[in-house]
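Based on the sequences and whatever the hints tell you, model everything.
As they're listed, the protein sequences go chains A and B.
In this text, residue positions in the first sequence follow my numbering: the first is 1, and each later residue adds one.
In this text, residue positions in the second sequence follow my numbering: the first is 1, and each later residue adds one.
Honestly, the hints are just simulated from the structure, not real lab data.
It is possible that part of the hints are untrue.
Using 35 Å as the maximum straight-line C-alpha spacing, the simulated DSBU-like pairs for lysine-lysine come out as follows [as the list claims (entries may be wrong)]: (1) A:K5 - B:K160; (2) B:K109 - A:K5; (3) A:K179 - B:K160; (4) B:K212 - B:K76; (5) B:K76 - A:K204; (6) A:K179 - B:K192; (7) B:K67 - A:K204; (8) B:K192 - A:K204; (9) B:K26 - B:K72; (10) B:K117 - A:K5.
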Amino acid sequence: MSTKKFSNYLGLGLAVAGILILLILPNMLSQYYVYLIATVFTTALLASSLNLVLGYGGLLHLHHGVFFGVGAYTVAIVMTKTSWPFAVAVLLAPIIAALIALVIGWFCVRLRGLYFGMLTLALGQLVWAIVYRWNALTEGDNGIHAIPVPEFLTSINSVYYTTLVVLVLALIILYVINKSPFGLTLLATRDNPVRSESVGINVKRHRLIAFVIAGFFSGIAGVLFVLVERSVAPSLLFWNKSAEILIMCLMGGLTVFMGPTLGAGILVLLSMVVGLYTEYWLLVLGLLLLILVLFLPQGILGYAMEKYDKRRSIGGEN
Amino acid sequence: MLQVEQLQKAFDGFQAIADAHLSVPKGEVVAVIGPNGAGKSTLFNLITGHLQADSGHVRFKGEEITKLSPFKICHKGMARSFQLINIFSSLTVFENVQTSVLAIHRLDKNFFRPSRKLLVEETLEVLDSFGLYDFKDRSCSSLSYGDQKVLEIAIALGSKPELLLLDEPTAGMSSEETRKIVNLIKRLSQEKGLTILLTEHDMELVFDVAQKIMVLHQGRTIAQGLPEAIRNDKAVQNAYLGETG
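Written out as structure tokens, the structure reads:
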């Protein structure tokens with residue numbers, strides 16, 4: 001019991017220490033690195049939202065980037081094509097992302113396994129095609145640039161702190177959901193959907209709700225993306241973006257709450273470093289994926305937790 | 001409590017259930033027996049909504065439930081265990097039962113309360129009555145086969161059913177474990193007044209616990225009645241008991 005408490009305090013302590021470091025970091029780094037870490041925050045939220053469906057729901061969601069793109073485009077379109085205030089854009093983005101998730105999810109939860117995955121991919125690419133072609137609304141493959149944002153969000157440091165605060169708040173909410181009856185039931189539907197139905201769980205609806213929540217948080221990540229980049233392009237909604245998020249979750253560990261955040265941090269920073277030397281980032285990514293699948297299928301944090309648990313249980317027995 | 005009438009189900013031309021009849025009175029223990037492939041598991045899956053019947057009726061407490069999905073049937077007061085172990089493999093023993101307790105209280109879509117504090121007493125009560133209390137914090141996949149089989153039934157009991165369906169509850173168990181299950185069935189029936197429908201290969205067990213027996217042969221109900229009548233039924237002896245004995 002006391003070791004359990006100890007590990008809880010350890011987790012909390014690490015989180016607080018991490019946040020404190022992140023709070024003072026912008027004062028010590030150049031603007032470029034501040035920008036880069038803000039990108040990590042955005043991506044971490046995106047990956048964590050995917051993991052609700054992928055890791056905890058056990059659903060092969062292959063195209064989560066769509067909701068991210070929809071969120072980002074919502075902000076971009078509201079800010080450039082209407083005279084509505086910024087707050088409306090910010091509120092609307094996750095709501096529209098969640099609505100699109102509701103429509104796509106409604107079809108997908110009827111299918112299982114790979115078929116579920118293929119349908120997320122197909123419907124997601126459909127949304128991409130609409131964004132790509134609908135010139136009047138989305139500016140097509142030009143994308144939308146120089147998106148106006150409120151004065152207080154123009155400096156990179158304020159963007160950094162905003163994305164940090166939003167990420168921490170969103171992670172807390174996702175964590176609470178994970179530990180709630182909804183989260184426990186989601187794990188049950190992942191482990192054994194047939195049995196779940198037998199004990200009175202509406203599995204399809206449960207999965208759909210998880211899908212929509214994930215879409216909602218992905219939409220919030222889309223807002224953060226606009227704050228950081230001030231521009232959007234259709235490539236945000238292309239499937240290879242979604243594959244990258246998937247790999248982040250795998251890399252960090254699907255069964256550990258902070259896994260996707262770690263994966264996002266590693267991949268974003270790595271892509272920057274690799275980009276300095278070669279154009280073949282996707283090749284490096286492919287090799288990484290290969291190593292991951294062969295030697296570390298439980299992900300980095302998953303592996304670490306396994307080792308930690310083992311040591312703890314041996315210590316407990318002695 | 002449960003009526004099955006003229007139930008039929010075919011798979012790709014194979015008539016798994018040709019004409020099944022069954023009546024389960026409230027408070028009784030009823031057993032469905034029949035040789036391998038007689039359609040016992042299919043019958044169970046039809047009753048609990050895991051399969052859709054081609055024709056016929058299933059009525060529960062006077063209400064037609066033939067077309068309902070499993071989770072709705074569960075909320076009406078019917079729970080089941082499975083022949084093969086069918087538990088939530090990554091959860092702890094406690095969470096396995098708690099999942100079903102949460103669902104029956106319709107708390108499974110609650111987002112903002114920590115689940116570890118919800119319906120704890122009720123869950124522990126179920127675990128305690130099954131002798132699983134000491135294992136509560138263990139991962140369920142670390143339990144022995146026999147204990148997993150007990151957990152299998154405990155999950156069903158978490159749904160607080162009026163009618164409990166047990167699909168071969170002692171399959172693959174040692175004789176000692178089987179005795180434990182027999183006592184459990186008797187206790188559930190006598191102390192809690194639970195209505196129980198079960199399938200079983202162990203004839204000794206069936207004649208020990210059942211107040212009524214239905215015999216299924218090639219998808220048809222060929223006899224239904226008191227254990228003594230079944231034992232002496234000519235058609236049953238020909239179709240089933242004759243084969244084994």
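Hint check results:
1. A:K5 - B:K160: 33 Å, holds
2. B:K109 - A:K5: 28 Å, holds
3. A:K179 - B:K160: At roughly 24 Å apart (the allowed maximum being 35 Å), K160 (chain B) and K179 (chain A) satisfy the hint.
4. B:K212 - B:K76: 24 Å, holds
5. B:K76 - A:K204: 19 Å, holds
6. A:K179 - B:K192: Status holds; Cα separation ~33 Å.
7. B:K67 - A:K204: At roughly 17 Å apart (the allowed maximum being 35 Å), K204 (chain A) and K67 (chain B) satisfy the hint.
8. B:K192 - A:K204: 33 Å, holds
9. B:K26 - B:K72: Holds - the C-alpha atoms of K72 (chain B) and K26 (chain B) are around 20 Å apart, at most 35 Å.
10. B:K117 - A:K5: Cα-Cα ~16 Å, so holds.
Hint violations for this structure: none, all hints satisfied.
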